[in-house]
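Q: Let chain A serve as the given structure and place chains B and C on it in line with the hints.
Protein chains in written order, with this note's numbering: chain A, 1083 to 1627; chain B, 1388 to 1883; chain C, 448 to 557.
FYI, nobody ran anything at the bench for these hints, they're computed from the structure.
Incorrect hints may have been included.
Stretches of chain C that chain B covers, calculated by requiring three or more beta carbons in the stretch to come under 8 Å of a beta carbon on chain B [said to hold, decoys possible]:
(1) 466-478
(2) 485-497
(3) 506-517
(4) 528-540
Some chain C residues flagged as far from chain B (calculated, every beta-carbon gap over 12 Å) [said to hold, decoys possible]:
(5) M448
(6) T449
(7) L453
(8) V462
(9) G500
(10) V520
With beta-carbon atoms standing in for the labels, derived distance ranges [unchecked claim]:
(11) C:A543 - A:L1601: 18 to 28 Å
(12) B:Q1590 - A:L1601: 38 to 48 Å
(13) B:G1445 - A:M1579: 51 to 61 Å
(14) B:D1714 - A:A1106: 26 to 36 Å
(15) C:R535 - A:A1106: 45 to 55 Å
(16) C:Q512 - B:A1455: 36 to 46 Å
(17) B:V1434 - A:M1620: 40 to 50 Å
(18) C:R535 - B:A1688: 48 to 58 Å
(19) A:A1583 - B:G1445: 52 to 62 Å
(20) A:P1592 - B:L1819: 47 to 57 Å
(21) B:L1862 - A:R1493: 50 to 60 Å
Please read these numbers as outputs of a predicted model, since none were measured by experiment.
For each residue, glycine too, the CB sits at the ideal point set by N, CA and C.
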Amino acid sequence: MERSMLLAAVLALPLAMLAACLWAPVRARILTLLPIAPLPGIAAALLCVGVPPLRLAPGAWAPVLMLDLVGAILLGTAALLWALAALYARCYLRGDGDAGRFGVCWLMTLTGCLGAFVAADMVTLYLLLGLLTLGACGLVIHDQTPPAWRGGGMYLAMALFGESCALIGFVLLAAASPDDGLLIRDAVRALPESPTRDLTLALLIVGLGLKAGLVPLHMWMPLAHAAAPVPASAVLSGAVVKVGIIGLMRFLPLHSAMPDWGQALAAVGLFTALYGVAVGITQSHPKAVLAYSSVSQMGVIVAVLGMGWSVGDASAALSAAFYASHHVLVKGTLFLAVGLAAATAAPRLLWPLLAVAAVLGLGLGGLPLTGGALAKYAVKGPLGDGLAGTLGKVSAAGTTLLVLHFVHRLRSFASQRPGDAAPVGLWWPWCLLALASLIVPWALYLSVPGGTVGDMLAPAVLWAALLPMLAGVAAALALQLSGARLPLVPEGDLVRMIDAAVRRCIAAGPAMVRADALLLHWPVALLLLLATVLGFGMMLFGGHR
Amino acid sequence: MSTEGGLLLAAAVLLPFTGMLFGMLAGGRQAQRIAFIVMPLGLVVAVGIAGTWLDGSGPVVYLLGGWAPPLGIALRADGPAVAMLLAVAGVVTGIGVFALADFGTPKGSAESRAAYSYWLLLLAVWGSLNLVFVSGDLFTLYVALELLTFAAVPLVCLGGSGATLRAALRYLLFALAGSLLYLLGAVLVFGAYGTLDIAQLAQRVQPEAASWTMLALMTAGLLAKTALFPLHIWLPPAHAGAPAAASALLSGLVIKGSWFLVVRLWFDAMPSVVTMPAAQLLGALGAGAIIFGNAVALRQARLKLLVAYSTVAQIGYLFLMFPLAFDAAAGRIAGGLALSGGIMQAISHATAKSAMFMAAGSIYSALGHDRVADFAGLARALPLTVFAFGLGGISLVGLPPAGGFLAKWWLLSAAVTSGQWWWALVLLAGGLLTAAYVFVVITRALRAPVAPLLVAPVARYRELATLGLALASVLLGLLALFDLRGLLVGRPSVGA
Amino acid sequence: MTVETLIALAACALVGIGLYGLIVQPHPLRKVVAFNVMGSGVFVIFGALARRGAAAGMLADPVPQALLITAIVVAFAATAMTVALLLRLIESTGSASLAAEPPSADGEAR
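Excised from the complex, chain A in its bound form (with noise of 0.2 Å):
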């Protein structure tokens, strides 16, 4: 019982917070308490998983939480990158003014991310997901500049487009779910055998998928994560994307084989790992390049998934899971990194900072003997040897490329100022963030049984995770060599698709405020009074004939 009161805190302690957030004073200090509101997922993560779930309150809108192992991995390598993060925007945003609404929107991030994890029935996750999007929102905010605000515009429209889509797919569940019951796990049970089985899945893929950052929905991404603060840019990467990540694996019918939409979402997936690589060499920002990168990354992750669910093997999840807690990590170590490099001028701080980013960037291409390689020799089995396989091979090495053009762009982002030096506040929660990337994994790996040391010191496991990394690294060297220019890609490519929409529903405007004005005009309006009556009875009569 006690354990499942654990469950509970994940959300009561952030929301605490918040609420206390209230008083001007305890919002001008907030910053200082970050660190400590993800603790309790830490703790659950730990200490809950299999728990039986918590219900919060009698009858059938009750919020439900629960925490299967997938969602602990998840929670527990979340929580973990939003304490280190809130440790370094403490030291980051030191003397900024706008540091309590930082702090606010902080909160509710965190608060919808790491319930995301822990919410067993729809209503609680959409509350959620809401939450989770206005807070998101405010932090890409944050700093008010023009790309700030458009990042943050197509952020929330974007978000709240996928999350109308995901609602009809919640509704669609809840109607064929027994009982029209609210919890996910009940629900996704009866789904395969539901009428409108097709509709629902669609909708909640677009949905979920939109938040995971697939192609063609991903182009709020490189716009926000670019456009934030860094601690924010951070967190948004590693964890907020991973919330999209356990929605699919919640509401996907993984156990059930489905070849067809299993291969469908897998090839959604490949294109989208390789498209990511492609237009993130392209960039110049090195935050952009990571931006780019996740999306690569939450592409792998999702054909795995999808590979999975086409033989209908649940086991996937864990395997993405693993994949996705290690990327959590990584990818909250290089979002920091820019943050150090950005105010490093120094050479010998600035090579060991490049030199670890490098490692552990790596390491998401496969480097043998990091976390990388642990997560990519778990995901092997589910993408099979065929053409998923092969890509997955290629995208290894896509991800190496990207790797090594972020490091160089991370170089030429260094401080131009010479003398330049990055408080220590900001170089420790780095180095425990780096640390925990190499260790975290390995801890992971060797806690949940089937996985030695032995195997992966393995010539032929070796000589795999080392082939499309080679393959990566030429790649590199042959485009510096060549001097080949890149196509210059603006920042969310195809972002230019919905300005132009965007451009022609505001046009029509204006036309509307016209019409408005012609229907102020006494005889229309009293006509159109008496058409309306004619409509009504033509209605009434027709429909009985």
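A: Showing chains B and C alone in chain A's frame:
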């Protein structure tokens, strides 16, 4: 046969009107005091009616003078009526507290005609609304509707300027045209079926040319009073020109009166006459209101006009429930999820829109203007008010646990189960558009100002009243935890 | 063609005339008059129905007559309110036109 507790129904109607009469005799400052005595008493009566209804097994009935229809008049309160009675009592109290700032007459100052009129009109609107909710026959409903119009029109021109007088006159003439059409329909009903009592009508009415004509006339007349697109011409100037406390009343509550009448007509009086195309037409007009109202709201430069056009759009939501409630298999309209959704939408809109107009009023009195483009720095100057506006917006957009979300969920469920997926698209498009202009206003308020903002002080209780109503609208969804669906749909109203 | 039918047809004509006046006449006072004509038409229809629904031996059904009196009072109150508003409008703006003006030019009360 009056049920026990039926006298409370008469009390719910008589209490505000008695207060109004005494206030008229007593004068300005006393009118305000009498209003503040009546408000808690009215709340108690509403809660009492709810308690009686929950204990009983059918609607609460009261026969005036003991005479049964069709000779006498029956007052009847079923689930939807009880919910609306409670909601109106709560919102009126909130608005009354807020109005103290604008229309209160402190000691030592001379009473103004506007203040004196406001309290009387507040009570009159409340009484008329209660009469609309509990009336059991079409003619009493006509009288109640006219009372509502007569109480609402002076509220529009309380400020006294020429433009508001013109808006009030336009409102009055259009509303009178509407009520004449309604009366014509009611007269024809009596001629065809010999009774105006709703319960008896439901048993006698047949789908034939006569009943179609009646329903068409009455519905069109009521739509003119509810300002459904494209008959909304009078609403934006009227609601935007009135003082904030009056706009809150007009937008939040007065509109719901004529809407409730349409619900009574379609669901209780003539359910077998309604056809699918007619219901779809009503829904189509609602969809037009949503798209049109939100689109024009986005183009408004002034906050009060923006909120008024937002009302035009939200009225559309109230009419989406009609096609969704139509049971294609039975060929008649039936209460159910869609009815619950509609009532919840009405209640949540009443609270949220009142809060938004009250916030707009506080902003106007603080800044001296309400141009959205010049709102920079407002969030720091009036944090509670901007927060309340945002909460109201959240309820309108439909995020949990707001009442708007619950309404949207029920309406979406009805759309999905009846296969009318196009209404689902309309609902969600409306939510996105609403989010757009709420976002514009809030971000404008959050921006740092170029020069320090000159702000007149706003009384704390005023901000708290606004925040209270906004919080009520956001927390309304928690009602779902208590499985009160029975309150909104459950027992049928026919059968006295 | 009984008397009631004739009266009812005349009443329909009244309603039609009133409606026409309400839509077409620009001056608010004429609209009020048109409203009253239309209202009278409705009342006369009600009266004709009362006559038609009379029980054996009685001259007319009493229920519509009672309702009619209420309706007349309501219409009278409506006319009074409209005329009062109109007078105040003329006093305040000097013209009685109901012409639509752009909403942004509206004066702001409070």
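Q: Starting from the range 48 to 58 Å, see whether the pair R535 of chain C and A1688 of chain B falls in it by beta-carbon distance.
A: 29 Å, violated
Q: At the C-beta level, are V1434 of chain B and M1620 of chain A separated by a distance inside 40 to 50 Å?
A: 45 Å, holds
Q: Take a quick look at T449 of chain C and tell me if its Cβ sits farther than 12 Å from every Cβ on chain B, holds or violated.
A: For T449 of chain C, whose nearest Cβ neighbour in chain B is about 14 Å away, the distance exceeds 12 Å, so it holds.
Q: Classify the label on V462 of chain C as holds or violated, using whether its beta-carbon is more than 12 Å from each beta-carbon of chain B.
A: 7 Å, violated
Q: Does the Cβ pair D1714 of chain B, A1106 of chain A satisfy 26 to 36 Å?
A: 54 Å, violated
Q: If you check the beta carbons of A1583 of chain A and G1445 of chain B, does the distance land in 52 to 62 Å?
A: 54 Å, holds
Q: Hint says 45 to 55 Å; check whether the CB-CB distance for R535 of chain C and A1106 of chain A agrees.
A: Since the Cβ atoms of R535 of chain C and A1106 of chain A sit about 47 Å apart, the hinted range of 45 to 55 Å holds.
Q: Please verify the coverage claim for the region 528-540 of chain C: does it have three or more residues whose C-beta sits within 8 Å of some C-beta in chain B?
A: Holds, because 8 residues of the region 528-540 of chain C bring their Cβ atoms closer than 8 Å to Cβ atoms of chain B.
Q: Holds or violated: the 50 to 60 Å window for the beta-carbon distance between L1862 of chain B and R1493 of chain A?
A: Given about 53 Å between the Cβ atoms, the range holds.
Q: Quick check: do three or more residues in the region 485-497 of chain C have a beta carbon closer than 8 Å to a beta carbon of chain B?
A: holds (count 6)
Q: Tell me if the beta carbons of Q1590 of chain B and L1601 of chain A are separated by a distance inside 38 to 48 Å.
A: 40 Å, holds
Q: Classify the label on L453 of chain C as holds or violated, using whether its beta-carbon is more than 12 Å from each beta-carbon of chain B.
A: 16 Å, holds
Hints 8, 9, 10, 14, 16, 18, 20 from the earlier list are contradicted by this structure; the remaining hints agree with it.
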